[in-house]
Structure formats: structure tokens, C-alpha cells
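S.K.: Fit chain B to the supplied structure of chain A, relying on the hints for placement.
One letter stands for each residue in the lines below.
Number of protein chains: 2
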Amino acid sequence: MADPQLIALDWGSTRLRAFLLGAGGEVLLSRQSDAGASTLSGTEAFEQALATLVGDWRTAQPALPLLACGMVGSQHGWREAPYVACPADATELAARAPQVHERLYIIPGLVDDIATPDVMRGEETQIFGALALHPELAGDACLVLPGTHSKWARVAAGRVTGFATHMTGELFALLRQHSVLARLMPADGSSPASPEAFVQGVDAAREDGGLAHQLFAVRTLGLFKQLAPEQLPDYLSGLLIGHEIAGELKRAPQRLALVGDPALCARYAQALARFGQPAPLLLDNTAPAGLWRLAQTMKLI
Amino acid sequence: MADPQLIALDWGSTRLRAFLLGAGGEVLLSRQSDAGASTLSGTEAFEQALATLVGDWRTAQPALPLLACGMVGSQHGWREAPYVACPADATELAARAPQVHERLYIIPGLVDDIATPDVMRGEETQIFGALALHPELAGDACLVLPGTHSKWARVAAGRVTGFATHMTGELFALLRQHSVLARLMPADGSSPASPEAFVQGVDAAREDGGLAHQLFAVRTLGLFKQLAPEQLPDYLSGLLIGHEIAGELKRAPQRLALVGDPALCARYAQALARFGQPAPLLLDNTAPAGLWRLAQTMKLI
Numbered sequence: 001m002a003d004p005q006l007i008a009l010d011w012g013s014t015r016l017r018a019f020l021l022g023a024g025g026e027v028l029l030s031r032q033s034d035a036g037a038s039t040l041s042g043t044e045a046f047e048q049a050l051a052t053l054v055g056d057w058r059t060a061q062p063a064l065p066l067l068a069c070g071m072v073g074s075q076h077g078w079r080e081a082p083y084v085a086c087p088a089d090a091t092e093l094a095a096r097a098p099q100v101h102e103r104l105y106i107i108p109g110l111v112d113d114i115a116t117p118d119v120m121r122g123e124e125t126q127i128f129g130a131l132a133l134h135p136e137l138a139g140d141a142c143l144v145l146p147g148t149h150s151k152w153a154r155v156a157a158g159r160v161t162g163f164a165t166h167m168t169g170e171l172f173a174l175l176r177q178h179s180v181l182a183r184l185m186p187a188d189g190s191s192p193a194s195p196e197a198f199v200q201g202v203d204a205a206r207e208d209g210g211l212a213h214q215l216f217a218v219r220t221l222g223l224f225k226q227l228a229p230e231q232l233p234d235y236l237s238g239l240l241i242g243h244e245i246a247g248e249l250k251r252a253p254q255r256l257a258l259v260g261d262p263a264l265c266a267r268y269a270q271a272l273a274r275f276g277q278p279a280p281l282l283l284d285n286t287a288p289a290g291l292w293r294l295a296q297t298m299k300l301i
Numbered sequence: 001m002a003d004p005q006l007i008a009l010d011w012g013s014t015r016l017r018a019f020l021l022g023a024g025g026e027v028l029l030s031r032q033s034d035a036g037a038s039t040l041s042g043t044e045a046f047e048q049a050l051a052t053l054v055g056d057w058r059t060a061q062p063a064l065p066l067l068a069c070g071m072v073g074s075q076h077g078w079r080e081a082p083y084v085a086c087p088a089d090a091t092e093l094a095a096r097a098p099q100v101h102e103r104l105y106i107i108p109g110l111v112d113d114i115a116t117p118d119v120m121r122g123e124e125t126q127i128f129g130a131l132a133l134h135p136e137l138a139g140d141a142c143l144v145l146p147g148t149h150s151k152w153a154r155v156a157a158g159r160v161t162g163f164a165t166h167m168t169g170e171l172f173a174l175l176r177q178h179s180v181l182a183r184l185m186p187a188d189g190s191s192p193a194s195p196e197a198f199v200q201g202v203d204a205a206r207e208d209g210g211l212a213h214q215l216f217a218v219r220t221l222g223l224f225k226q227l228a229p230e231q232l233p234d235y236l237s238g239l240l241i242g243h244e245i246a247g248e249l250k251r252a253p254q255r256l257a258l259v260g261d262p263a264l265c266a267r268y269a270q271a272l273a274r275f276g277q278p279a280p281l282l283l284d285n286t287a288p289a290g291l292w293r294l295a296q297t298m299k300l301i
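First to last, the protein sequences are chains A and B. In this text, residue positions in the first sequence follow my numbering: the first is 1, and each later residue adds one. In this text, residue positions in the second sequence follow my numbering: the first is 1, and each later residue adds one.
So that you can see chain A by itself, here it is in the shape it has in the complex (with noise of 0.2 Å):
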């Protein structure tokens, strides 16, 4: 294999993700499992998880670096790397990414802390990563990050300037497994897709009747047949990304960019086309990117 440079880390609370880059940052090689951060405990158990998804490349080439992001910085986590405060560009983060042994840092979260603490582990190495590809976003955008806890950060001159985290994907979960609305559905997963009650959702969202009265809708709207059962789950995911962008949306207009994996982005950026927002950039993973680039900041390469 031709010249691999880095080994990135993308090691969240469920889910160890790792990416052999090469001397342009192109991704060589990559291999996931589940050995997740909230799965471990102790210095050994992360040692461990490592060893078993990489020890082969770490073997072949002793001297690589490794970078990570993620919930393995937290404080239940490998070690401990405490919260940047926003504004923050790559330079401050790599400045304060703790050395966990000779050859292996951790990228720290962020937090914005001028009114209610908010916090990202994470994202904000995705976030640098879509500026490292994408450099014209640099200068004044929102780059959304839809997932269990989504993510609106605002990019102003190569900053993090602040973020808002959205529950929205946790009370997804919530309410499709276990509240009273879940009762009319059918089992998780086994229902086909149907467009038109999401943008249905999307659109109540849009008259801003209060989430936890228009969330009592999924419940009569299948009562009363208006809705097949199969159609409630997305009608229920419209709802609730509707709600999460009309909240948004109430600040000043930014260019837009979503970043993660695609079929959920691909429903944010329908859902903001039902608000009449411009189409976003879409980018897929960028953790890969954000990792090459503050490796570059930090001088492991």
C-alpha cells in the first residue's frame, strides 16, 4: 500500500471508526466496530479496542501518528480533553488536543458557553473537515449536522462562532419506541418510506403549534385514518425536523451546509426546501478531512 501518513480515529460512544489516510489525506483504508467509548472503561479496555480493529497497521508501521475525535476525549472516555470555548478555529483546538501516549492525540470538544452551556464532541472536527474541503464555507455559514443530537454551527472567518444542539433524533427514538404514538405504528423498521407524511410534518411544523401539541397529532391523525399506519413514522420525523429548523431559522439567514450521512441529510434538505431555503451543500462524512487537516495544524505530518 502506498504511503499512509495518519491513523484517524473517529471513535464516538457507540461506534470506533478508523481511517488509514495517505499523503494527500485520502482515506487508504477503513474499518469500524463497535468497541464505542460508552462500551469502555479504563485505560486498558481502549488500548484494547484499538489493538483489535488497527494492531495490523500500527504493526506494519510503528512510527505512524494517530489523531482522534470524539466521545473518547470525554470525561468517562480514554482521557479526558476539556472543552475548547467558542470562537475557535483548527489552530486553537490543535493547540489543546492532550497527548494520550507518544504518538496518539485527542482532538477536544467544544463548548459555547455564553448563555446556556452547549456542548460538541465530535462535530467539531467534522466541522473543519467540511472547511477543509469546502474552503469558500470559511468565511460566514451554518453547517447543520442532523443525527441523534444535531448540531447548527455557525462558521464566521474560519471560526466556530457558536452551535445549537437539537434533541431531535433522540426524541424520535423515544417516541417511536415507547410513547403512546408508537402504539398506532408498525414495528421499527418495518415499514416502507412515505414521502408525503414527512413533508405533511414538515409543513405543521411550519404553523408553530407547539411540539408537544402538534406531537399528540401523530396520535389522532391515525385514529381518525388520515394517516395509514406506515405513514406515522415519517410523518412523526417531519414533525420533528420541522420543528428543529423553524427554530433555527428564526436567526439571521446563513448559507447552509449539511454534513453526515446522506439519507438524512437528503430529509433535512427536502424539509428546508418546504421552508423555501436554498438548496444546501451536501457533504458526506468529513471526519476524515477535519482529522488530516488538524494533524496538519498539530505537525504529526
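No lab work stands behind these hints, which were simulated from the structure alone. Be careful, since some hints might not be right.
[What the hints assert, rightly or not] Within a straight-line C-alpha distance of at most 16 Å, the following computed EDC-like cross-link-like pairs (lysine to aspartate or glutamate) qualify:
no. : chain 1 : residue 1 : chain 2 : residue 2
1   : A       : 250       : B       : 207
2   : A       : 225       : B       : 113
3   : A       : 250       : A       : 188
4   : A       : 299       : A       : 92
5   : B       : 250       : A       : 207
6   : B       : 250       : B       : 208
7   : A       : 250       : B       : 208
8   : B       : 225       : A       : 92
[Said to hold, decoys possible] Quick look at which bits of chain B chain A covers, simulated, 3 or more residues with Cβ under 8 Å:
no. : segment
9   : 52 to 63
10  : 115 to 124
11  : 159 to 168
12  : 203 to 210
13  : 236 to 248
14  : 275 to 289
Ideal Cβ positions, reconstructed from N, Cα and C, are used throughout, including at glycine.
M.R.: Below, chain B without anything else, positioned relative to chain A:
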């Protein structure tokens, strides 16, 4: 015992509450059991649950009429009592109460289907009980019935003209038990109340930052030790109740009355005061008064 006139049954999803009412509608005796409608299936199961709880009352006075409200009248209850559309008054509800057997009737629920449908079963009876006890509310008021699914019902000229459900109590339970927020909180029921944290949550909701966003602050306020673990449930409660109130107060202001569990109503009253609202009328369980009023309308007594 002096002169019983009616067996009033408040038969919800999880509880069956029975009241033996005297000649003035006063409660002579009351009992309850876990034989909620959601735990029973088939006519015999309902018959049996009723016999177990109040069989002796019926044996002593076989001619006593019985009137029930709540989920006992749902699709999956003893006998379906189809929803009556708003606006509706006590006479309309009484006229549409199906007869289950010679002496037993079930009060139907209400549907507000002007826009997205909304439904209630049981609360309509509490509302007409409140209006019977406080006729001054019947002209123009909003009755708030806090709970798992809180109801805000608008009343004018003796009719319920419309209402909205908020899944506030259910969201609290889901987030308290199953979410990432729960991990920072003490086990359920083990923490003393924190009125300060409750008010802080209400005040956060008044800023209207988007519910799914503000929920994440429950986590970060705990992470950064701005609130103690035992304060987080009350902050969460204040946030959810505050959002419910903020959404409803966007309508034209009306005279408010709180109906239901005194401890929960006291929380709502405290939150309403933070919104600058005058002290609402507080009413405890009004289901017996409502069933008495409807039984009079039906000439059962």
C-alpha cells in the same frame, strides 16, 4: 347510609374510580382499583371489574343508575361512545351517551376537528363538573387539565368550543426515564423537589429557544454543575410546562382555571405566575360533579 342516587364511574386507561353520590350530588363513598380500561378486554372483563369494585353497592340498591366517563368508552373499551364534535354542551354529550345495559350509560369524549383533529375522553366530564361547580366560568374561560396529556379547553356560553392536547406529562416521563438526560439524574422518586430549578426551567421556556434545543441544556447544566443532579428533574419539568404555557398564551388571553391533581395544578399555577398571569381558579377532581350534572341532564336521577 342516606339516600344514594348514582354510581359515578371515572374509568380511565389505568384506573377505575367509583363514587356513590347522594341526593345533592355529594360523594358518600369512593373507591378505586387498577382495573383501568387499557387492562381489560371484552364485556365480561369490564362487568367483572365493576362487580369487584362496587358489587355490594349494586346489590344493596339494584335500581341505582350508573354513569361512566373515560376510556371505558373508547374503541377498545367496554362499549364505544363515538366522539362528539365541538362546540358541544352538556345536553349534546348526554344525548349521545350510549346505553351499555339497562342502568349503565357512558359519556362520549369530544373531538375538535376544525383543523388537525384532537380528542379527549374523561376530561369533558371534568370540564362540565367544573362548570357546574363554578357557573361563572361557563361564559368565557379556558380550563386547563394538566396531566400525561394536558388539555386546554376553551369554553363559551356553556359549550366547549375547542381544545388542544399537549403531551407534556408523557414527554417528561420518557425523558426522565429513557433519555440521555436521565443518566445525570438521581433514580426516579428519590430526589426532593427543587422549586428554584423548576422556576429556572419555566423562565428558560419563556425565552422560546425551541424545545428540542432547550432540552439538551438539561444535560449541559448538569455536566457543568450549574444544577445539581437532584435539581435536573424539576428543571426539565419547568421547561416542558413552560413551553406548554408559552404556546397556549399566544392565543387571546382568557380567564384560566386549573382542574386536577392539586400538586400538579400548583406547579402550573406557579409557572403561570412567571408568565405574569393572574392567579387561576384551582379545582380538584371534578369528575363526580360532572357525572352528577350529566346524569341530571339525562334524567337518570
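S.K.: Hints first: check each against the structure and report whether it holds.
M.R.: Against the structure, the hints:
1. For the proposed pair residue 250 of chain A and residue 207 of chain B, the alpha carbon gap of about 13 Å is at most 16 Å, so the pair holds.
2. Between residue 225 of chain A and residue 113 of chain B the alpha-carbon distance is near 13 Å, which keeps this suggested pair within the 16 Å criterion.
3. With a C-alpha separation of about 33 Å, the suggested pairing of residue 250 of chain A with residue 188 of chain A is violated against the 16 Å cut-off.
4. In summary, the hint linking residue 299 of chain A to residue 92 of chain A is supported, as the alpha carbons are separated by about 14 Å, within the 16 Å threshold.
5. At roughly 13 Å between alpha-carbon atoms, residue 250 of chain B and residue 207 of chain A fall within 16 Å of each other, so this suggested pair holds.
6. Annotation: proposed proximity of residue 250 of chain B to residue 208 of chain B holds, straight-line Cα distance about 12 Å (limit 16 Å).
7. A distance of roughly 11 Å separates the Cα atoms of residue 250 of chain A and residue 208 of chain B; the hinted pair therefore holds under the 16 Å criterion.
8. Of the pairs offered as hints, the one joining residue 225 of chain B and residue 92 of chain A is violated, with about 25 Å between alpha carbons and a cut-off of 16 Å exceeded.
9. Note: the segment 52 to 63 of chain B has 0 residues with beta-carbon separation from chain A under 8 Å; the three-residue rule is not met and the coverage is violated.
10. Only residues whose C-beta sits within less than 8 Å of a C-beta in chain A count toward coverage, and the segment 115 to 124 of chain B has 4 of them, enough to reach three; the restraint holds.
11. Note: the segment 159 to 168 of chain B has 5 residues with beta-carbon separation from chain A under 8 Å; the three-residue rule is met and the coverage holds.
12. Against chain A, the segment 203 to 210 of chain B contributes 3 residues with a C-beta closer than 8 Å to a partner C-beta. That satisfies the three-residue criterion, and the hint holds.
13. A count of 6 residues in the segment 236 to 248 of chain B with a Cβ less than 8 Å from any Cβ of chain A is obtained; the coverage claim is therefore met, three being the minimum.
14. Coverage of a stretch by a chain is defined here by at least three residues with a beta carbon nearer than 8 Å to that chain's beta carbons; for the segment 275 to 289 of chain B and chain A the count is 0, and the condition is violated.
Of the numbered hints given earlier, the model fails hints 3, 8, 9 and 14; all others are met.
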